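Q: So you can see what is in the structure, the chains are spelled out below.
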Amino acid sequence: MAADFNWAVGGEAGDGIDSTGKIFAQALSRAGRHVFTSKDFASRIRGGYTAYKVRTSVDKVQSVVDRLDVLIALTPRTIEENLDELHEGSVIIYDGERTTMQDVEIPGEMIGIDVPLKRLAEEAGGAIMRNVVALGAACEVADFPIENLDSALEKRFKDKGQKLVDNNKEAARAGQSYVADEFDHEFDYDLETTDEDYVLLNGDEAIGMGAIAAGCRFYAGYPITPATDVMTYLTGRIEQYGGHVVQAEDELSAINMALGAARGGARSMTATSGPGIDLMTETFGLIATSETPLVICNVMRSGPSTGMPTKQEQGDLNQMLYGGHGEVPRFVLAPTTIAECFWKTVEAFNLAEKYQLPVYITADLSMAVTEQTFTPDTFDMDAVEIDRGFVVDESTIDDHMSESGGFQPHEITEDGISPRAFPGTADGAHMSTGLEHDEQGRRTEDTEMRVEQVDKRNRKVETAREREDFAPREFGDEDADTLVITWGSNEGALAEAVEFLDDEGISVRVLSVPYIFPRPDLSEDVAAAENVVVVECNEQGQFADLVEHDVLERVDRINKYNGVRFKADELAADIRATLAAEVEA
Amino acid sequence: MSSDIRFTDFKSDKQPTWCPGCGDFGTMNGMMKALAETGNDPDNTFVVAGIGCSGKIGTYMHSYALHGVHGRALPVGTGVKLARPDIEVMVAGGDGDGYSIGAGHFVHAVRRNVDMTYVVMDNRIYGLTKGQASPTSREDFETSTSPEGPKQPPVNPHALALASGATFIAQSFSSDALRHQEIVQQAVEHDGFGFVNVYSPCVTFNDVDTYDYFRDSLVDLKETDHDPSSREDAKDVILDSEQEHQGVIYQDEESVPYHEQHGVDEDMSVIPDGAPEGATDLVREFY
Numbered sequence: 011m012a013a014d015f016n017w018a019v020g021g022e023a024g025d026g027i028d029s030t031g032k033i034f035a036q037a038l039s040r041a042g043r044h045v046f047t048s049k050d051f052a053s054r055i056r057g058g059y060t061a062y063k064v065r066t067s068v069d070k071v072q073s074v075v076d077r078l079d080v081l082i083a084l085t086p087r088t089i090e091e092n093l094d095e096l097h098e099g100s101v102i103i104y105d106g107e108r109t110t111m112q113d114v115e116i117p118g119e120m121i122g123i124d125v126p127l128k129r130l131a132e133e134a135g136g137a138i139m140r141n142v143v144a145l146g147a148a149c150e151v152a153d154f155p156i157e158n159l160d161s162a163l164e165k166r167f168k169d170k171g172q173k174l175v176d177n178n179k180e181a182a183r184a185g186q187s188y189v190a191d192e193f194d195h196e197f198d199y200d201l202e203t204t205d206e207d208y209v210l211l212n213g214d215e216a217i218g219m220g221a222i223a224a225g226c227r228f229y230a231g232y233p234i235t236p237a238t239d240v241m242t243y244l245t246g247r248i249e250q251y252g253g254h255v256v257q258a259e260d261e262l263s264a265i266n267m268a269l270g271a272a273r274g275g276a277r278s279m280t281a282t283s284g285p286g287i288d289l290m291t292e293t294f295g296l297i298a299t300s301e302t303p304l305v306i307c308n309v310m311r312s313g314p315s316t317g318m319p320t321k322q323e324q325g326d327l328n329q330m331l332y333g334g335h336g337e338v339p340r341f342v343l344a345p346t347t348i349a350e351c352f353w354k355t356v357e358a359f360n361l362a363e364k365y366q367l368p369v370y371i372t373a374d375l376s377m378a379v380t381e382q383t384f385t386p387d388t389f390d391m392d393a394v395e396i397d398r399g400f401v402v403d404e405s406t407i408d409d410h411m412s413e414s415g416g417f418q419p420h421e422i423t424e425d426g427i428s429p430r431a432f433p434g435t436a437d438g439a440h441m442s443t444g445l446e447h448d449e450q451g452r453r454t455e456d457t458e459m460r461v462e463q464v465d466k467r468n469r470k471v472e473t474a475r476e477r478e479d480f481a482p483r484e485f486g487d488e489d490a491d492t493l494v495i496t497w498g499s500n501e502g503a504l505a506e507a508v509e510f511l512d513d514e515g516i517s518v519r520v521l522s523v524p525y526i527f528p529r530p531d532l533s534e535d536v537a538a539a540e541n542v543v544v545v546e547c548n549e550q551g552q553f554a555d556l557v558e559h560d561v562l563e564r565v566d567r568i569n570k571y572n573g574v575r576f577k578a579d580e581l582a583a584d585i586r587a588t589l590a591a592e593v594e595a
Numbered sequence: 505m506s507s508d509i510r511f512t513d514f515k516s517d518k519q520p521t522w523c524p525g526c527g528d529f530g531t532m533n534g535m536m537k538a539l540a541e542t543g544n545d546p547d548n549t550f551v552v553a554g555i556g557c558s559g560k561i562g563t564y565m566h567s568y569a570l571h572g573v574h575g576r577a578l579p580v581g582t583g584v585k586l587a588r589p590d591i592e593v594m595v596a597g598g599d600g601d602g603y604s605i606g607a608g609h610f611v612h613a614v615r616r617n618v619d620m621t622y623v624v625m626d627n628r629i630y631g632l633t634k635g636q637a638s639p640t641s642r643e644d645f646e647t648s649t650s651p652e653g654p655k656q657p658p659v660n661p662h663a664l665a666l667a668s669g670a671t672f673i674a675q676s677f678s679s680d681a682l683r684h685q686e687i688v689q690q691a692v693e694h695d696g697f698g699f700v701n702v703y704s705p706c707v708t709f710n711d712v713d714t715y716d717y718f719r720d721s722l723v724d725l726k727e728t729d730h731d732p733s734s735r736e737d738a739k740d741v742i743l744d745s746e747q748e749h750q751g752v753i754y755q756d757e758e759s760v761p762y763h764e765q766h767g768v769d770e771d772m773s774v775i776p777d778g779a780p781e782g783a784t785d786l787v788r789e790f791y
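These protein sequence lines are chains A and B, in that order. Residues in the first sequence are numbered from 11 upward in steps of one, following the numbering used here. Residues in the second sequence are numbered from 505 upward in steps of one, following the numbering used here.
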């Protein structure tokens with residue numbers, strides 16, 4: 011792999027760190043370099059410490075590393091926070107004229123580049139451009155052609171007028187020349203450019219774009235870190251494709267609005283994070299028992315409760331798998347890369363409609379706010395397929411009527427999938443309810459119908475297992491004795507970790523699992539390996555529990571769910587029958 | 505859609521399990537008649553029902569319907585209407601559903617002014633759980649969970665609506681069948697969020713807010729010089745603690761419903777077989 015270069019800009023919240031970092035990342039991407047970004051940020055609008063980090067190479071980069079080559083430090087704390095990542099020869103660009111930076115000490119083994127950022131910016135047209143001066147200085151240090159920065163500045167500021175674009179370009183050049191003129195140090199960085207075209211986007215944006223591609227027309231949500239970007243992405247864009255975004259008064263409302271739109275026949279979605287999922291869980295059973303297709307995006311953050319809202323965690327797996335009272339099937343997809351955020355969102359909409367149930371698509375904070383470069387054809391819109399499942403219209407509805415002439419949206423079928431009729435379909439009027447219901451959707455407590463409906467809903471899962479491909483992604487050495495299993499956003503770091511290990515002569519086989527439920531059967535893979543390690547960003551090993559569960563010895567089960575308690579004589583008969591079956595087997 | 509729709513077409517084949525004499529019978533009849541009179545039929549109507557005695561209405565009416573989670577009927581109705589502007593949406597629930605567990609949604613549904621009708625079957629009691637104080641119960645109304653009365657003032661739903669920017673506020677009484685139907689019909693025809701609180705007496709658990717009580721105490725605004733287009737008049741009626749009223753309390757003739765404000769007018773159930781035309785522009789944005 012070609013040498014990678016690690017760069018960061020850091021300061022206080024309110025210092026424009028995010029947009030500065032984004033401009034540099036964009037410049038690299040437009041120069042045909044691969045980029046992987048990350049953010050250190052806090053839940054505050056002003057003050058504290060925040061940083062935007064960029065890792066770049068001409069080869070694919072898919073993880074962060076613990077190394078920093080060039081740091082633009084707007085505050086002393088930025089240096090302190092990054093001491094572990096800075097190394098001998100790292101360059102720190104700072105403005106020694108800034109009051110807080112006057113007494114800053116640059117560690118001896120590092121190279122301090124003191125640039126009067128504010129003064130040069132003022133000369134170019136305004137102090138607000140001091141970060142752009144710093145970017146120009148960084149271009150000089152990294153030997154990165156400044157024309158690429160021009161291109162990113164144009165993208166960022168073109169809506170605000172050519173004058174502003176020109177001022178920014180001038181500010182960048184002021185920073186560049188200052189370093190060239192004042193420092194005769196030879197830096198050994200060389201950020202070569204290529205002719206490749208890349209797009210640069212984060213996980214939330216990929217999910218939003220996937221939703222539009224999949225024909226999602228209705229989105230309701232309530233702002234929450236780190237899922238808000240899904241909503242801001244869709245706002246102003248989904249309207250151009252006939253859709254609409256509603257900012258609801260809370261998550262309870264958001265999911266019920268999304269449910270209403272789905273009952274209306276729209277592809278519909280909401281996105282939130284763990285605390286929002288807590289509230290939405292109230293409606294979860296209704297979505298599932300009314301067999302409503304709905305996509306719920308959970309961008310996980312560190313919990314429990316308010317936890318660490320701007321930090322990474324994959325702690326909501328059990329919540330999504332088991333949340334809610336009673337038992338209802340739901341699918342849980344966990345894209346493993348930013349590109350997969352797009353494709354798995356498309357798939358989530360198809361699965362939701364094909365199997366008429368709620369589908370979770372879960373990303374996590376790291377993936378949501380991380381930007382990565384991809385070739386544009388990664389998101390080939392012509393490859394998007396739409397499958398709306400079993401929908402009836404005026405011409406086909408007659409085959410799905412009860413004897414008394416009522417439409418049967420919960421018809422008992424072999425594959426568990428019943429017909430759907432959108433409002434407005436003649437003779438299709440029916441009720442959907444969270445109450446147990448008969449085939450027409452009318453409330454029932456009939457013990458036999460209850461069992462038939464429960465079984466029907468669960469059959470959809472079996473049908474999906476038969477019809478869909480829930481395979482994991484595999485890489486590393488397929489014959490290795492060690493099997494490493496992971497899910498969600500860890501794939502990139504693991505892929506690069508495998509290369510590090512390979513250099514040391516350690517070979518591993520990796521399975522990266524994007525389907526949590528239904529999930530691939532890994533029991534043979536586990537049995538074939540000598541060592542099995544499950545990697546996930548949580549304390550309890552929630553996915554590891556699932557892997558262990560799947561390879562456990564099976565027990566016989568006696569289950570009753572028709573609404574009546576066990577009776578002694580009946581139970582004795584059940585146990586007798588189970589034993590007899592055992593003997594026969 | 506056929507032109508000879510009768511209100512009985514909106515009746516399902518399920519027999520209501522409401523107590524004999526329950527106000528909800530009259531409330532539902534008026535709703536069905538209002539829907540039929542305004543040219544709707546069951547296949548282009550969506551009824552959203554809450555939880556409680558009133559919530560059972562979705563079962564007893566025949567239309568597209570969702571019987572939802574307690575308190576969340578308004579958000580569901582909002583979603584249906586925005587996705588399907590071509591469908592008539594009517595939301596129904598009780599005073600507990602709308603003013604207690606769902607009070608937050610009520611305020612915001614009023615603010616949004618989505619073109620739908622909200623009928624609250626207000627019996628000032630929790631009936632299905634066998635008689636506890638509701639948010640509209642009187643301060644001294646004795647129940648199993650409030651032996652000396654709730655000792656807190658009842659919610660004034662009309663005031664809440666007016667303060668939230670309502671464009672249509674009305675009060676009806678289930679047993680005054682013609683007026684009730686007329687008022688609900690006006691709410692259906694209103695261009696925006698049509699809110700009707702209906703006195704729908706509970707004959708089993710409320711011996712204070714009875715048919716006789718409402719019959720004797722209600723003054724019909726139609727028979728007064730009340731001007732429903734005046735917020736001032738509306739305020740006076742709403743804050744009058746001495747007198748119960750029925751009729752249209754307030755209607756903003758200039759009401760601009762949500763879909764016009766936001767340009768939402770497409771049937772969202774219709775989508776192409778692949779990614780929408782021009783979707784590649786979304787990818788180009790990320791260059």
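The set of hints was computed from the structure by calculation and includes no laboratory data. Keep in mind that this is a model prediction, so the values were computed, not measured. For every residue, glycine included, the Cβ atom is placed at its ideal position computed from N, Cα and C. Heads up, a few of these hints could be off.
Claimed, not checked - Among chain A residues calculated to face chain B with C-beta under 8 Å, some are: (1) E206; (2) V209; (3) G252; (4) Q257; (5) G274; (6) R575.
Stated by the list, open to error - The calculated lysine-lysine pairs, modelled on DSBU-like cross-linking and capped at a C-alpha distance of 30 Å, are: (7) A:K466 to B:K515; (8) A:K49 to A:K165; (9) A:K70 to A:K170; (10) B:K518 to A:K466; (11) A:K128 to A:K168; (12) A:K49 to A:K168; (13) A:K70 to A:K49; (14) B:K515 to B:K655; (15) A:K570 to B:K518.
Q: Each hint: holds or not?
A: Do the hints match the structure? See the list:
Evaluation of the E206 of chain A hint against chain B yields a violated restraint, the C-beta minimum of about 12 Å exceeding 8 Å. Interface hint status for V209 of chain A: upheld, as the beta-carbon distance to the closest one in chain B is roughly 4 Å, under 8 Å. Checking G252 of chain A against chain B by beta carbon gives a least distance of about 5 Å; that is within 8 Å, so the hint holds. Checking Q257 of chain A against chain B by beta carbon gives a least distance of about 10 Å; that is not within 8 Å, so the hint is violated.
Because the smallest distance between the Cβ of G274 of chain A and any Cβ of chain B comes to about 4 Å, under 8 Å, the interface hint for this residue holds. The closest approach between the C-beta of R575 of chain A and any C-beta of chain B is roughly 23 Å, which is over the 8 Å cut-off, so the hint fails. The straight-line distance between the Cα atoms of K466 of chain A and K515 of chain B is roughly 29 Å, inside the 30 Å bound, and the hint therefore holds. For a cut-off of 30 Å, the pair hint linking K49 of chain A to K165 of chain A stands: about 21 Å separates their Cα positions.
Straight-line distance between C-alpha atoms of K70 of chain A and K170 of chain A comes to about 33 Å, which puts the hinted pair past the 30 Å bound. As the CA atoms of K518 of chain B and K466 of chain A are separated by approximately 24 Å, the hinted pair is consistent with the 30 Å bound. Taken as a hint, the K128 of chain A and K168 of chain A pair is honoured in the structure, with Cα atoms around 23 Å apart against an allowance of 30 Å. Our distance criterion of 30 Å between C-alpha atoms is met by K49 of chain A and K168 of chain A, whose separation comes to about 25 Å.
For the hint pairing K70 of chain A with K49 of chain A, the CA-to-CA distance comes to about 19 Å; that is within 30 Å, so the pair holds. A C-alpha spacing of about 40 Å is found between K515 of chain B and K655 of chain B, which places the hinted pair above 30 Å, so the restraint is violated. With a CA separation close to 28 Å, the supplied pair K570 of chain A and K518 of chain B stays within the 30 Å bound.
Checked against the numbered hints listed earlier, the structure breaks hints 1, 4, 6, 9 and 14; every other hint is satisfied.
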